[in-house]
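Number of protein chains: 2
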Amino acid sequence: MLTEAQDYLSGQTLCDYFHVSRTAVWKAIRQLQEEGYEIEAVRNRGYRLIRKDDIYSQTGIASALKTKWLGHNLVFMEATDSSNNQVRRLAEQGAAEGTVVVADRQDAGKGRRGRSWLSAEGSGVWMSFLLRPQFQPERASMLTLVTALAVADGICETTGLDCGIKWPNDLVVGGKKVCGILTEMSSDMDTIQYVVVGIGINVGMRKFPEELRETATSLELCLGEPEESVNRVKLIDAVLRHWEERYDAFLQKMDLSLLQDDYQRKLVNVENQVRVLGYSEDYVGISHGITPTGELIVELNDGEVRKVTSGEVSVRGVYGYV
Amino acid sequence: MLTEAQDYLSGQTLCDYFHVSRTAVWKAIRQLQEEGYEIEAVRNRGYRLIRKDDIYSQTGIASALKTKWLGHNLVFMEATDSSNNQVRRLAEQGAAEGTVVVADRQDAGKGRRGRSWLSAEGSGVWMSFLLRPQFQPERASMLTLVTALAVADGICETTGLDCGIKWPNDLVVGGKKVCGILTEMSSDMDTIQYVVVGIGINVGMRKFPEELRETATSLELCLGEPEESVNRVKLIDAVLRHWEERYDAFLQKMDLSLLQDDYQRKLVNVENQVRVLGYSEDYVGISHGITPTGELIVELNDGEVRKVTSGEVSVRGVYGYV
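One line per chain: the protein sequences are A and B, in this order.
If you count by the numbering used here, then the first sequence holds residues 1 to 322, one letter each, in order.
If you count by the numbering used here, then the second sequence holds residues 323 to 644, one letter each, in order.
Bear in mind the hints are in silico, worked out from the structure with no lab data behind them.
Virtual Cβ for every residue (Gly too), placed ideally from N, Cα, C.
Worth double-checking, as some hints may not be accurate.
Stated by the list, open to error - Coverage of chain A stretches by chain B, computed from C-beta distances (three or more under 8 Å per stretch; other residues unrestricted):
#1 77-83
#2 104-117
#3 138-144
#4 174-186
As the list claims (entries may be wrong) - Covered stretches of chain B, as calculated for chain A (at least 3 residues, CB under 8 Å):
#5 462-469
#6 509-522
Assemble the whole structure, with the sequences as input and the hints as a guide.
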């Protein structure tokens with residue numbers, strides 16, 4: 001209401017609308033001010049929001065979300081160990097499908113295979129959400145690809161950057177990683193109990209530690225202009241909206257066949273040489289894109305065609321990270 | 323030491339052996355007495371164990387286990403919600419591979435697909451253990467079959483009963499279920515974080531609720547003689563020992579090829595008609611046993627051969643539960 005009001009909004013109007021006391025209104029205003037909203041309170045006139053910018057807070061994100069269901073249960077945290085772990089704990093306590101956790105900082109952010117993920121305060125979008133899908137556990141690995149596509153959509157919508165997909169779970173701009181996706185699952189052999197999809201987008205970092213400098217970048221570094229800042233609230237909304245849409249397409253066929261063309265367009269290294277780093281062997285071949293179930297098709301020099309599953313390998317360009 | 327001693331064991335001997343004080347020895351004796359051990363304490367002579375029976379307790383089970391590694395970290399509980407849930411919580415806290423939880427009672431025992439599992443005090447073996455395997459998530463469903471074979475071994479060793487396997491996760495005696503297995507997994511798409519194998523064996527129930535009477539039984543009901551009681555401590559030891567052995571055979575080939583013959587011999591309905599209850603269709607065919615990766619081979623009347631994965635279906639005999 002404050003965002004949409006043209007003028008001062010009287011305390012009484014708010015009391016009447018929400019059926020609460022003056023004290024309750026006052027407490028809510030105080031809480032918004034603590035989240036960072038500048039709200040002016042003038043006796044006999046009421047309240048007025050001074051700066052209408054999105055604030056990276058519970059209210060800021062919740063009121064910006066234009067999704068149909070994803071994130072309607074939203075948990076914003078200034079800090080947590082890992083947003084994936086936080087969603088897992090909520091899942092074990094029975095949280096609803098679509099619950100989203102956004103943390104401004106992760107103290108133990110996680111990447112694939114137990115690697116850590118740098119997630120300093122204010123510098124990125126670290127968020128995870130909960131799914132309780134009805135399909136078989138084998139299909140869940142496709143969700144990483146659905147998510148990659150949606151995040152690429154969201155980054156493009158918000159920043160205009162041309163964001164590529166490095167199969168299976170990284171997003172790259174200009175040859176460096178801007179986003180990683182970590183999909184975790186709890187299942188019995190028949191049934192998925194829940195899936196946690198984690199998304200980490202490097203937004204504002206200006207400098208990376210030595211060991212990451214060659215392979216990692218951030219959206220703001222890619223945009224170049226030092227004053228160019230990316231609105232994380234808008235980015236979250238865009239990613240989650242696109243995710244709902246891409247997920248709908250996935251559910252229609254229970255595979256990636258409706259997404260394959262769009263995926264292929266964003267996939268890096270299509271028809272180029274890639275190096276596949278397997279558990280027991282490494283090899284080089286030409287990447288021909290993905291199958292409808294998400295395997296990477298790689299043709300070896302002798303003509304043998306392999307379907308690479310995400311569990312087996314890392315895939316890199318022959319000349320470096322991408 | 324008390325079990326093996328021929329005569330009284332002096333407090334001083336115990337102090338010297340364990341390098342602890344008299345008080346510490348006395349406390350340990352008190353704890354054993356609380357677990358149910360009858361221990362006589364005679365001044366100037368020492369301690370003597372009166373009945374050497376296995377007690378269903380932390381000490382009773384721990385001292386009976388002859389496994390190589392499984393259960394060396396043992397947690398005995400008089401009651402828990404579900405031993406699988408308890409192991410999951412321990413896993414999240416970093417518990418070691420091979421941790422075993424045995425509960426004398428489950429207040430919310432779990433079966434497949436979120437069904438409940440009757441687990442009254444004193445009436446069964448309700449136990450779960452933790453694995454942190456290095457293989458790919460897709461292979462984990464085979465652990466249910468490895469476990470079924472090991473439990474059948476253990477039941478046969480302890481009771482002499484001829485125990486059959488109802489693919490994929492039940493054990494039957496005389497056409498009724500005596501044991502269910504629930505394998506749960508936490509994974510990211512590449513890597514297993516942990517697996518929880520849960521085993522529920524009906525041991526002492528003399529009567530089942532109406533709705534289970536047709537399909538469930540207990541080992542003691544099968545043995546018939548009312549005084550015939552099954553030693554649950556020995557049963558746990560036997561099951562876990564056989565599990566280690568069967569798991570070794572699984573790890574050698576990373577599939578069931580070394581176990582297939584034994585499995586086939588215990589599998590019910592081989593070369594008989596079975597009814598496959600799928601998600602979208604039911605059909606009848608002849609069961610030809612399992613593949614090396616654990617699918618059930620079913621030949622339809624028109625000669626089509628299907629490989630049924632455990633995620634898809636229930637399988638029953640055409641004339642009833644088995």
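Going through the hints against the structure:
1. 77-83: violated (count 0)
2. 104-117: holds (count 3)
3. 138-144: holds (count 4)
4. 174-186: holds (count 5)
5. 462-469: n = 3 at 8 Å, threshold three: holds.
6. 509-522: holds (count 6)
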